[in-house]
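> So the chains spell out like this:
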Amino acid sequence: MTKRPDFFNEMFDGGSIRPAYQKITKWFDDLGSDTLNFKKAEAEALFRRIGITFAVYDDTGNKERLIPFDLMPRVFTQSEWSSLERGVKQRSRALNAFLWDVYHRGEIVRSGRIPANLVYRNEAYEPCVAGISPALNIYSHIVGTDLVRTGLNEFYVLEDNCRTPSGVSYMLENREIMMRMCPDLFRSERIAPVDSYPDMLRKTLHEVAPTKCVDDEPTAVILTPGAFNSAYYEHSFLADQMGVDLVEGQDLFVDGDFVYMRTTRGPQRVDVIYRRIDDAFLDPLCFRPDSMLGVPGLMNVYRSGGVQICSAPGAGVADDKAIYTYVPEMVRFYLGEEPILKNVPTWRCGEADAYKYVMENLAELVVKEVHGSGGYGMLVGPASTKEEIASFAERIRKNPSNYIAQPTLALSTSPTFVDSGLAPRHVDLRPYCLMGKEVRLTPGGLTRVALTDGSLVVNSSQGGGVKDTWIVAD
Amino acid sequence: MLSRTAESLYWTSRYIERAETTARLLEVAYRMSLMPNASGGHANEWSSILAAAGVSHDFAETGQEVNAENVTAFMLFDDLNPSSIKNCIRSARENVRSARPALTSEVWETLNGGYLQFGELENGRASDRELLPMCDWTKSQAAAVRGSFETTQLRNEGYDFFNLGYYIERADNTARLLDVKYYVLLPTIHMVGGGVDQYQWSTLMRAVSARRAFHWAYKGDYAPDKIAHFLILNPDTPRSLLHCAEMIDHHLTRLGRTYGTRGLANRQAMTVLSSLVEADIKSIVTDGLHEFLTDFITEIRKLDEAVNRSYLFWGQ
Chain X
1 MTKRPDFFNE MFDGGSIRPA YQKITKWFDD LGSDTLNFKK AEAEALFRRI
51 GITFAVYDDT GNKERLIPFD LMPRVFTQSE WSSLERGVKQ RSRALNAFLW
101 DVYHRGEIVR SGRIPANLVY RNEAYEPCVA GISPALNIYS HIVGTDLVRT
151 GLNEFYVLED NCRTPSGVSY MLENREIMMR MCPDLFRSER IAPVDSYPDM
201 LRKTLHEVAP TKCVDDEPTA VILTPGAFNS AYYEHSFLAD QMGVDLVEGQ
251 DLFVDGDFVY MRTTRGPQRV DVIYRRIDDA FLDPLCFRPD SMLGVPGLMN
301 VYRSGGVQIC SAPGAGVADD KAIYTYVPEM VRFYLGEEPI LKNVPTWRCG
351 EADAYKYVME NLAELVVKEV HGSGGYGMLV GPASTKEEIA SFAERIRKNP
401 SNYIAQPTLA LSTSPTFVDS GLAPRHVDLR PYCLMGKEVR LTPGGLTRVA
451 LTDGSLVVNS SQGGGVKDTW IVAD
Chain L
1 MLSRTAESLY WTSRYIERAE TTARLLEVAY RMSLMPNASG GHANEWSSIL
51 AAAGVSHDFA ETGQEVNAEN VTAFMLFDDL NPSSIKNCIR SARENVRSAR
101 PALTSEVWET LNGGYLQFGE LENGRASDRE LLPMCDWTKS QAAAVRGSFE
151 TTQLRNEGYD FFNLGYYIER ADNTARLLDV KYYVLLPTIH MVGGGVDQYQ
201 WSTLMRAVSA RRAFHWAYKG DYAPDKIAHF LILNPDTPRS LLHCAEMIDH
251 HLTRLGRTYG TRGLANRQAM TVLSSLVEAD IKSIVTDGLH EFLTDFITEI
301 RKLDEAVNRS YLFWGQ
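Sequence lines, in order, name chains X and L.
The working numbering puts the first sequence at residues 1 to 474.
The working numbering puts the second sequence at residues 1 to 316.
So here's chain X without its partners, still in its complex pose (with noise of 0.2 Å):
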């Protein structure tokens, strides 16, 4: 057997339990496997009858599936809670910033901080928004930070993800769960509630309102590619909780200066859309002419401030993995300050000297595609054979800038219920920073789990689960 590296084991302090995992652990004792059993049946059926599924995209035919559940919750301390706040919000900060930035004079290009081919020749760097100022000068109003541990005050930021970042709604269902589940120790702990993330969310989509809309109460939309899609059921959640319409491209229409939906009153006006579908199938007169999940015209009307888009189009630059390696400079140029949270080292192949050296080591590192999403398309050097290391180098080299390396981080294990009792496996923490007049952060996020032992990958479409995450007092 190999060597493992040491992991940094969230539950255990040596061969003592750290205080904050004390008394959930022994009220999981106190259980007794039977009853746990039972609850692990129960919890599953409540997923199942909520339907609160998600979609892969695979051929079994059987297309709803649920997402593992662990009873188990991840414990921060509120401590260690607070720096990572103040790290997460001033890192939303700073990328906003810069979006708008780029969309304008582009200091931080003309300053040489970035290179300009990497913002201007970028994939998600949208020329028809250049030079628009959507309200507040705001871009990604709700921005998902992965953020994996390695040490006791030990954080590294995975990847940012400025576009429609997923999950929150599995953050919150999995706190009813856990209420349900376990009301004895949420009575016996402190916990901070995560209860009223839709209620911010509405208030911030409220608030980025564009300025034609002169009504005291905007009417905010979510926009869905619909009931098929794989995140179906937290666009839907979502709305629910928010108490707004939920509407599909054809429910939308332009007419004039402003967006509208269909109602059985008849047309009614929407100045505030929360679109969870690409840029790319926005509008069909602005970007792929054969969406049919878009609004066409949609960006004209934008573009005369008629409407607010959120995430606003081109705010995907902002998270593209090449851009990534450059935030701690962002923070430093936009804000002035030092950042918070630390960044991953990060090799760009397309670069020579980094290229050399990660072709010279791929079996320690961890290499991803720029604009690669949900574990797909990436190379986990320890855990590759020789033959899967030979042909992803094949791929780096055909096309060296569409890769980016990091060394293989040790994250930190949670406790997670597997067959044989509790084992410790990765897990990684996406908290959801809200922007708008004023930067809101739930405590918390979602914690996704490797299930399988010794896996680094957490993502759902790759066999990861999910696990309430507890702020604690201290």
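Quick caveat, the hints were computed from the structure, so don't treat them as lab data.
Among the clues, some could well be false.
Said to hold, decoys possible - Only some residues are given here: those of chain X computed to face chain L with a beta carbon under 10 Å:
#: 1; residue: Asn137
#: 2; residue: Ile222
#: 3; residue: Glu248
#: 4; residue: Asp251
What the hints assert, rightly or not - Which chain X residues stay away from chain L? Per the calculated CB distances, all over 10 Å, these:
#: 5; residue: Gly32
#: 6; residue: Ser33
#: 7; residue: Thr77
#: 8; residue: Arg105
#: 9; residue: Pro183
#: 10; residue: Asp184
#: 11; residue: Arg202
#: 12; residue: Ala231
Ideal Cβ positions, reconstructed from N, Cα and C, are used throughout, including at glycine.
Since the structure of chain X is provided, determine the placement of chain L on it from the hints.
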């Protein structure tokens, strides 16, 4: 409310009601088939429920023989039969899914729970898949959805669209159930009032869960005109055409008040309602029950079109 959402609510309840009717039709056929049909009606019970459900053509396409086993499987589980209980439940769920924010989570969870359970029944023990348990199960599921809707849903426009779907479907379905009797009705007039005839009428009453109610209201005499009155013109019968027409008018009036307009749908509903109010049962029976029912089903179809037009289900 989004027109698409209103349309989804309308169709959710239609499919739930249709699933229930399919179950009731199957029960009618099953009970009628227990009675020897020696003299031969227009057709046997099993083909008559296919005709009543409007799926004779779909069944013929399967190339199967019309018998108890085949028709039961077709009406319960067949993917190709738009009115099979399986398809109705699936369609209802798809519609609820696309209108989820407009319904309470109780309604969704009840319906989704039923959908999941149906899958288990279909793939489970053969004894659970038999006709009577499946029909009972379907009726209780429909009642559960209806109950959670009534107790949890806001009384807003969505409430009216959902109920509109129910009553339009129910009006259509009661007319069709009543028509089954026409298809199996004994050909010669002297058989009317005989034992077989009595049995068939009472079966029909049982299928609409109204056998005892009928006895209370009409003192037990299964005269065809009394039964026709009970199911067509009695405003107290929850499945009568008149009651359905009243409720359709009620919900459309509420919608008209909400929106401040009265349109095509309101006028068509008034037409249907007033023709029933003015009708008398003697002339319906004399002029031909089947013809009356066929006309009624056509009027209900027009009403459905008018609702679609009035509330923009079909685009601008």
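> Now look at each hint and say whether the structure bears it out.
Structure-based check of all given hints:
1. Asn137: 31 Å, violated
2. Ile222: 9 Å, holds
3. Glu248: At about 7 Å, which falls below the 10 Å cut-off, the nearest Cβ of chain L leaves the hint on glutamate 248(X) intact, so it holds.
4. Asp251: 5 Å, holds
5. Gly32: 29 Å, holds
6. Ser33: The claim stands: serine 33(X) keeps its Cβ more than 10 Å from every Cβ of chain L (closest is about 26 Å).
7. Thr77: 33 Å, holds
8. Arg105: 41 Å, holds
9. Pro183: Since the minimum Cβ distance to chain L is about 19 Å, proline 183(X) lies beyond 10 Å and the statement holds.
10. Asp184: Consistent with the label, aspartate 184(X) stays out of reach of chain L, its closest Cβ about 25 Å off (over 10 Å).
11. Arg202: 13 Å, holds
12. Ala231: 13 Å, holds
In the structure shown, a violation is registered for the earlier hint numbered 1 alone.
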